[in-house]
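Asks: Could you build the full structure based on these sequences and the hints that come with them?
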Amino acid sequence: MSEGAAPAPVLTVTALRAYYQTRLFGIDRDVRAVDNVTLHVNANEIYGLAGESSCGKTTLIKTIAGAIRPPLKVQGGSVEFNFHGRRVSLYDKNAPDLADIRWRHLSYIMQGSMSVLNPLRRVRNSFVDFAFRHIHKPMAEFLDTVRAHLLRLHLQPEVLDAYPHELSGGMRQRVAIALATVCRPEFIIADEPTTALDVIVQKGVLTMIREVQREIGSSLIFVTHDMAVHANLCDRLGVMYAGRLVEEGPTAEILREPRHPYTAHLIASLPRIGDVAPKKALEGTPPSLADPPLGCRFHPRCPLAMDICKRENPQMEWVGPVHRVACFAAQPGKRQ
Amino acid sequence: MTSYSGYMLRRFGQFVLVVFIGINLAFLITHLTPIDPIEQTISAATSFGSTSPEAIAMMRQALRELYGLEGGLWQQYAAFWKRIAVGDFGPSLSAFPTPVSDLIWRALPWTVGLLSVSTLLTWCLGNLLGGLAGYFQKSSMLRFAGVLAMGFHPIPYYITAFVLLIVFGYLWPVLPITGGYRMSMPRGFNVDFILSVAQHSILPVLSLMIVGLGGWFMGMRALVSNIVSEDYVQYAELGGVARRRILTSYIMRNALLPQVTGLAMSLGAIFNGAIITEQVFGYPGIGTLLVSAVHAGDYSLVLGLTTVSIIAVSAAVLLIDLLYPLLDPRVKVR
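From first to last, the protein sequence lines stand for chains A and B. With the first letter of the first sequence counted as 1, position 93 gets the number 93 in our numbering; the numbers rise by one all the way through. With the first letter of the second sequence counted as 1, position 27 gets the number 27 in our numbering; the numbers rise by one all the way through.
Certain hints may be false.
Claimed, not checked - A few chain A residues that face chain B, going by a derived Cβ cut-off under 10 Å, partial list only:
#1 Lys-73
#2 Leu-98
#3 Tyr-108
#4 Arg-121
#5 Arg-124
#6 Ala-131
#7 Lys-137
#8 Pro-164
Rather than coming from a laboratory, the hints here were simulated on the basis of the structure. C-beta atoms are modelled at their ideal positions from N, C-alpha and C, and glycine is treated no differently.
Replies: Put into structure tokens, the structure is as follows:
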């Protein structure tokens, strides 16, 4: 967008709206979990998606992954991938069958990988189920490829013969990462892959994710509510609040100089060495996405709220070459 | 493998314990009932005229020896185990002097055949249809099958047995309604005889299946519709794993585990399930034998049948349990 000469982004999301539509006792209700989100992810980039629980992060990446099942429904906007020139638009009228794209070009590391492997199948069979059709080799050679890949990720090839319950939590997560990267996909979606792990294992897993991303040069969208993880891993960061993207920019820049009061608060909540004063919690709770407040959705909790914030919805505007923010207080021209 | 043999050993120990307790209970119950089979026999034999007291005493002594009822309770108990060890339950009272074990061996294949065929068929069909109904929740045909299964399920099986009897024996008499094979036919291992047996078993099997199907169907449907939303199924869908593979290896296989336990339990119910069906269709199995033994006060036959069914049921459950770790690798670890 701003960098004209840069290669086309791998993922472009435009004005995406995805609502949960429920009908209870004859009353229709829309939960606007993803409301007018526009973003892109460049090649060879780790894009972090931050925000507290139930802000629409997981819904956004479900929509990006094409994993829509009722009551979730895409209301508008587009999700377009560009896999080395092969364009795939997920919510077009003539959207392709995703089965041959999945895992070859687009793979997924899921939250809670304790349970993402079939408990009754040996790890070997999971690899065969997911990856065999994409790696055009006979079975023996395919398994050699898998073994080599596991070794590269510091896993013993013997894990192939194990059942998931025979592996530790950290190993299972690493097996899940190996599974998601064995086909060397251009785009990987990682949904809180480290949330259930203790910090030591977490560090190992993060290092591994970065290593494998560098090695195969894929793009990664990494979702977590843990700002510390974002600070360590991501090139660029997008912050979501109540179904909307409120700030986006290079991780270092956002951490140093957050423009949106919500981002500033998320960052202030990070513990720092030498801190003595207890952390202040943000007043109030996130709004209900079924009935969000008018104007800026953050205004009821915002220390900088002005009159306009209650009436008008701030749009994402550029405040730096690659830094956007949706806040009237941060957009000097809009001050009233 | 060592953990599997440990599991096997433990399970086998349990089996021995259950059989031991069960047989003890059977012994106790039969010995604590107020009905004395020997006095009953004597009163039956002497009701038509006067018999000298000496003759009655001799008769009592002879009968006691025959049935292993000499001495006190402990002596009887020891004699009882000695007989069980060699599979001898003494002569039958109602079919004197045929040994009880002969009667049981003659009836056992009929019951085991009838019940194992109907139970396994019901289990396979119910799980297959229920699994499909849980996976393809929008299919109207499978929904209709669900309504049907739920409707038939609460009907007692003897009612369906009678209805089948009336429909196929009276209104539209195309199937034999009684017996295990054609009366005039000599028994033998040939095509005609086997066909006749199969033909005679259609109605009893059907009466058991119609009722049993609903339980498996509804259970499996509920299990599958839960498993569909498990992480590993959703992950496989995100991974573009082939649909057929997801349905078989990810959904059905996992949903079947509790159903296998259920199968073991219902194999355990074979002996009480058969009694009424066999009565209605005049089937020459264990159930019919047991009912007539109770009516005739045939003490040793009842005890023999009870013992055999205790061993058979425990063995069936043991077999399923030993196969279970092959289906679910997690069991071994426990």
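Asks: Compare the structure with each hint and give your call.
Replies: Now the hints, each set against the structure:
1. Lys-73: violated (17 Å)
2. Leu-98: holds (7 Å)
3. Tyr-108: Where the cut-off is 10 Å and the nearest Cβ of chain B is about 5 Å from A:Tyr-108, the hint holds.
4. Arg-121: holds (6 Å)
5. Arg-124: With a minimum Cβ separation of about 13 Å from chain B (threshold 10 Å), the hint on A:Arg-124 is violated.
6. Ala-131: holds (8 Å)
7. Lys-137: violated (18 Å)
8. Pro-164: holds (9 Å)
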